[in-house]
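Hey, can you work out the whole structure from these sequences and the hints?
Number of protein chains: 2
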Amino acid sequence: MKFTILGTGSATPITERRPSAALLDLGNESILLDCGEGTQFQMLKYKVRFSRIKYILITHLHGDHFFGLIALLNTLNNTGRTEPLVLIGPHGLQDIIGVQLRYSLSFLNYTIDYRTTNPGAFEEVFSNEKISISTIPLKHRIPCTGYLISEKPALRKILAERLPPDFPLPYFKMLKEGLDVEHEGKIYANAEYTLAPASPKKVAYCSDTIFDLGIASYVYQADLLYHESTFTKELSARAQMTFHSTAEQAASIAKAAQVKQLIIGHFSSRYKDTSAFLTEAREIFQNTYLSEEGKTFRV
Amino acid sequence: MKFTILGTGSATPITERRPSAALLDLGNESILLDCGEGTQFQMLKYKVRFSRIKYILITHLHGDHFFGLIALLNTLNNTGRTEPLVLIGPHGLQDIIGVQLRYSLSFLNYTIDYRTTNPGAFEEVFSNEKISISTIPLKHRIPCTGYLISEKPALRKILAERLPPDFPLPYFKMLKEGLDVEHEGKIYANAEYTLAPASPKKVAYCSDTIFDLGIASYVYQADLLYHESTFTKELSARAQMTFHSTAEQAASIAKAAQVKQLIIGHFSSRYKDTSAFLTEAREIFQNTYLSEEGKTFRV
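Line by line, the protein sequences give chains A and B. Note that the numbering used here has the first sequence beginning at 19, numbered continuously upward. Note that the numbering used here has the second sequence beginning at 19, numbered continuously upward.
Hints were generated in silico from the structure; no laboratory data involved. We put the CB at the ideal spot given by N, CA and C, even for glycine. Treat the hints with care, since some could be wrong.
Here are some of the chain B residues that sit facing chain A, going by a computed Cβ distance under 8 Å [what the hints assert, rightly or not]:
1. ILE32
2. PHE85
3. ASN96
4. LEU296
Given below as structure tokens:
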């Protein structure tokens, strides 16, 4: 998996930053996390393939997290999309899209599979053979959820060269699933004929939220945690008042959750230079990185 | 007046162009014409003063003309606006804004004076002591109007040095209004004691529309005409099919209307180089200019 930052800013627009959006590339398909104004232009700039987006996940209905969505949905249509799109977000999102399509007499040539989040719950909102997507309860000024994207465990890899040439095909499936197999009187012990797959990855995206160490339990041992850090610790009172977090607080969650790496972003427009965020977070959690538009992190 | 281009593109997003938006600066206040996605970032980039915007005019509800509006309205609020805003646009615009404010639990600290356009009509939708704004009927795939912004005639300028020192104050007003005045037996002929004011300016904005020479009558002798030209003449069949115009057609309207200058824009994403638009238009109407983002035309 690859995680690419498309927007690093928060609510107040400045020329140097675009509002929230990030892309999780799963290989042959991808997940867009939030979609602030101008996300489609960021996607063009950083050469994100529009057709690969299969899921769009919106955390909450503050404009800097979704005002670019309707434009992107239109562009997906105009560029010939017919594949269904899974769109997960808060109650109200479907109305907002519907009213705009209706007045512009637009009809999408693809279906949207809407899933409405339950803001207080840590619950699975999507699952297929490859991934599971769950909401993470966040505490913000309006209903808001983060998202945990978990790969499903892959099948074991068969060491085919160790098997006889006439080994029956159905037994391959059993070996892949971790079972031992008996064939012509011989026991093929799974561990000898297969290799363990790469361990499934977990990526968590938490924006926007007041500091809540409880988040650590939901993102426990994630391979990558994106957590907002709108302010540095000098402004922790303001962070609390506006239901946002500081870099130190984001790092505390990363540390408590024992994640592999922490990405911080959603910087307040008052900070021209973001190096203080990094210094502050790394004092608590060393493996922290700053969001930079267009930057990709390998998971 | 000054007319600044903020977006030159059409529906398909490309990195080199932003969607439709233009600013008409009236001196101490300004009018935003259309507001495609990212307009607020274009305003930041080209140092447009947000607080001066008093009017926003939306031509129609295709996304490339209004998807940036809700974000701008939010930003105006977040930057402390309390002054009312005049918002003129098609039926539906108020619903679209309302539903988004409602779900984000946002309340604007300024009032919006909504005026709904009547797409088939050439009629005044706003008037005060300085300007008048009228709709121009355009023919597009959905209800659409252009706008004609006309300055009100200013008062005549008094040549005070020609008048006696004790000349009564009420007579000044009469002279300014163009009347002759009799004072102590003497006739003060208006023409001798006043100068004509600068002639009132007219600016017309026409996007999007199929070619319609009837537009010329509405924009007759305008000081500046912005007219869309999505295609060059080789694609006139496509222009007609999609209810858009070519550069040649835009120029024909400028010529028939005897406008002072023509600005063409709303270029299809298929044209990387727009010089062919200019060549084509200037064959019909010499005083044509290409839209360029950030470029200002004096009226």
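Results for each hint:
1. ILE32: Result: holds, 7 Å to nearest chain A Cβ.
2. PHE85: 5 Å, holds
3. ASN96: Status holds, d = 6 Å.
4. LEU296: With Cβ-Cβ at 26 Å, over 8 Å, it is violated.
When each numbered hint is compared with the structure, a violation occurs for hint 4 only.
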